[in-house]
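Colleague: Taking the hints into account, I'd like the entire structure generated from these sequences.
Line by line, the protein sequences are chains D and X. Positions in the first sequence are counted from 1; adding 3 to them yields the numbering used here. Positions in the second sequence are counted from 1; adding 568 to them yields the numbering used here.
No lab work stands behind these hints: they were computed from the structure. No residue lacks a Cβ here, since even glycine has one placed at the ideal position from N, Cα and C. Among the hints, a few may not be true.
Claimed, not checked - Here are the simulated DSSO-like pairs of lysine-lysine, each with C-alpha atoms no more than 27 Å apart in a straight line:
#: 1; chain 1: D; residue 1: Lys392; chain 2: X; residue 2: Lys1006
#: 2; chain 1: X; residue 1: Lys974; chain 2: X; residue 2: Lys1006
#: 3; chain 1: X; residue 1: Lys985; chain 2: X; residue 2: Lys972
#: 4; chain 1: X; residue 1: Lys948; chain 2: D; residue 2: Lys407
#: 5; chain 1: X; residue 1: Lys977; chain 2: D; residue 2: Lys407
#: 6; chain 1: D; residue 1: Lys170; chain 2: D; residue 2: Lys189
Unchecked claim - Some residues of chain X that are not near chain D, with every Cβ distance over 10 Å (derived):
#: 7; residue: Pro660
#: 8; residue: Ser736
#: 9; residue: Gln915
#: 10; residue: Lys929
#: 11; residue: Thr944
#: 12; residue: Asn961
#: 13; residue: Thr991
#: 14; residue: Ile997
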Amino acid sequence: MASIVGIDLGTTFSALAILNAIGKPEIIPNADGERLTPSAIFFDEENSDIVRVGIEAINSRHLNAERSVRWIKRHMGDASYHKNVDSKDWDPVELSSLILKKLKQDCSVDNNEIHDAVISVPAHFDEARRKATMDAGTMAGLNVIGIVNEPVAAALYYATTREVSGKVLVYDLGGGTFDVTMLDVKGHKVDIVCSQGDHALGGIDFDRKVLELLEKSYRDKFGAELIGSDEDRAKYEDEAEDIKRTLSRRNVAKIMLYGPAGNMRVEITREMLEQAISDLMNRADILVEVALEEAGVEPSAIDEVLLVGGSTRIPLVRQHLEKMFGFAPETAVNVDECVGLGAALHAGLTMLREKPEAVPPGISNGLRDINLTDVCNHSYGTVCAPLDKETGRRVIANRIILNKNTPLPCEASQTFYTLTEGQSELEVTVTQGEDADVEYIKKIATHKFELPSDRPAGCPIKVTYGYDVNQRMHCKFEDVQSSKVLEVDLSLDRDGSVSQSDTTEESQERLSAVGRSKVE
Amino acid sequence: MSEVLISLSILLAASVAAISSGLISRSGIAELASRLKLKGSTCLSVLARLANGVKSKDLVGQLKQAGSIGDFTSRILCDAKPEAAQNLYAPPDMSILNCRVRMIELKDGNTVIDAFAVEICGLIHAPEDIRRATLRISILDITDGSSEAKAVRARNPQGAPSGESNGSEFCYVAKLGRLPRQTTTLDDWTCVARLRSDGQEFCRRGRRTLRFDTSILSADGGLEFAHAWCTFVYDNPLPGYVDLQENDERTKVLTVALAFAVSAADGKLYDCEVALIKDWARDNVLESRAQTSDQARGKLEKALSTTVAFFSEGNKLDTRRLCEEVVEIAPAGHRYEILDLCLRVTQANGSVAVEEMAILKDLASRLEIDPEKFRTMAEKILPLDMHEVMDINDLLGITSDMSKEKTRKHLNREYSKWNSRVTSANPEIQTQADQMLKIIAEARGQYISAGR
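Modeller: See below:
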């Protein structure tokens, strides 16, 4: 029987966990025996079909940065991002699939075949990024049975392994992204209240601040630039990461800088780091406050703060939280592994719901008491033309139909009206985002809806959006008078546009490029 | 169309003339014109000559004068002598149909609305075989005399935005049913219609002499049994459709003037800014290029060139007074359009000077645009990297009267807004959102975290 798998596809590290015979999640080490695999890729110089993923890719990056890729998760869903290697443009989905392929390959050795998996994503990922992540899993040969928000996965793990109860805030500061999620936890019953995320706040941003300190020190002493090549940058990026880690344990970190104008010894203190990252910490504090406001909860009402992600080891992070909530955050579990472990639990719950016959009785029993209620991650709406009260003119605006943070499954309807006499067609658009201004929201699907002609203006059109527990969205546009219905298929391309199917030559080519690659 | 052109030419020519003209008040011009008893065009040319000969920095005064002359001229030229106003107490001639109008108040929920009560009395004679009758009431504005009668338009009184009419002439029609006799005599004044005053749109605001024509017709409207008319003087509180059209034209002229003022604010009149304003003027002042005569186009081009020359010489406009006039005559929608053009003019050369930002803020305030809406417009059209100097308070909408707590909440709201835009598919929005998130974090450090 195939294993039930959860994968934490992280910005800096990835991990794979499976559910053991009694439904407890366990991290499976990679081929190097490591529990975490660096999310780094290096395309071999000798054999272009060989792709190195993990620690070897990190090391090779210092020798040939041109052929290496890191932090690809930051580009997920970005249709314009490509890494060109040997005349082949690798997009973020393909690159991510190489990492997943490595995890699947390494972990299949001592375990059953790895097939069905849940992959975790940041809570703030939009539909396009979620779909891109699923596509990466499919391309890697996985059957992606679901996507779980990272803080939700972490909370599931915390809730099932620790005594956690009441109003809980999950503070997930990872390598590249930051999420804050509010939960109501009672035993093994976990209700998500709301999530907020910052796509550009994570460990690599702290590393960059350390790197700026190093560059400044060198510039101040020699009046020259420390970094002269991509390889230099790769080397000092990794040095900066080490310094940051050291400063989580000690007050001072020391390093030798070897630059073009001479060498120097530099000491970076914890205070210097804290000063350098103060704006980033401000961003983190704002996000926590925004999440609390969204949940309508005062900091004093929070019972526990759970830490997730390696960057939560930074002492300043913990100090800020302690100051804000008046108590120390919970640090009992491994902050690097809890997302992957929770994703495996989520995979088990999904399998129990979708294919209960495929779940072994031991696992089934282990998961029996866990009850998770997730919420809608974004607001969904449509484009309409309401009258502006101040100007008396019609304006094009986004009207939200399904509100963010509505518990799943959910459904909501609103009625709109045709604008002109004899209107025989409507352009119906499914939007994602809170802004009323259509320039700032994402149009995730646009369709033409033909209407009976020869009717006066003001004919009602009922719009119904539904969101199920598998985070799939269903949209229905109904002409009330004629009962004509348009149901929108929300299968997304990577750029966020809608497609009916994904069987194009291009997708076949992408599939075969990943398939051809020998991942080591 | 020609009126629009004249207005603009006057404005722009006067703009230049006014540099050297003296300050003349609206009432002063009116008085002068009154004494001269000149016709409109003569009055304008006299004024232009007058303006040319007098030193003044007050262009706004000239702009206003151009507008006031239009109003004033129509009044002195068309010194209305309407038909004798009705006398409610005069005994009616019972051998014919008579009508009269009284002003009454109608209740609509909690609001009271003025209405015209149309009353008739006297004789109605119908043919023997056609007795089913219809009442029809039409209204004409004869303030300027019967020969210059203006239509009274129908307006949708419910829910329509101010000034929105359906364009058709007002006509009230009601079925009267079957007349009891071939000859019907109404001995007493009988109210046959109550017409809400917000159901009509008059040509101008103020005291209007209205002619009410009341007809009793056959049911099919083909045969008139009886007809009566009367006049009624009504003080119209709302701008009329001619007022609105004039205001609209005047607003366009003022828009061009303000856009030039913004363009010149940093002391430089860039070609791209001038081109943008000229294009706007061509598109909006000459509404339909295809139907515009070469002469009109020529006048506009000349006026625009003169205005460019005016600003190129370093002259300034009194934008305060221009804005005051805009607020007086232009609806909110037009004021937003002005600001939009001014923002786009600022955007045109790719950078926002401190002086430009200052004048934009000032215009927004004087045009009574909500500060938050102005900021929203500015964020959209003038992204952060265009600003020569970044004022965090301006960019984030932080005001000096905000407490620390209010600032914190405001910054949180701004953060939520920009954080949701940071994954936009549009790279420009994405970049701006990234920059905004950075300055929000800085601002928090400055205003909130400093006391940690």
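Colleague: Hints first: check each against the structure and report whether it holds.
Modeller: Quick rundown of the hints versus the structure:
no., hint, verdict
1, D/Lys392 to X/Lys1006, "violated (34 Å)"
2, X/Lys974 to X/Lys1006, "holds (20 Å)"
3, X/Lys985 to X/Lys972, "holds (20 Å)"
4, X/Lys948 to D/Lys407, "holds (25 Å)"
5, X/Lys977 to D/Lys407, "holds (20 Å)"
6, D/Lys170 to D/Lys189, "holds (9 Å)"
7, Pro660, "holds (44 Å)"
8, Ser736, "holds (16 Å)"
9, Gln915, "holds (15 Å)"
10, Lys929, "holds (19 Å)"
11, Thr944, "violated (8 Å)"
12, Asn961, "holds (17 Å)"
13, Thr991, "violated (6 Å)"
14, Ile997, "violated (7 Å)"
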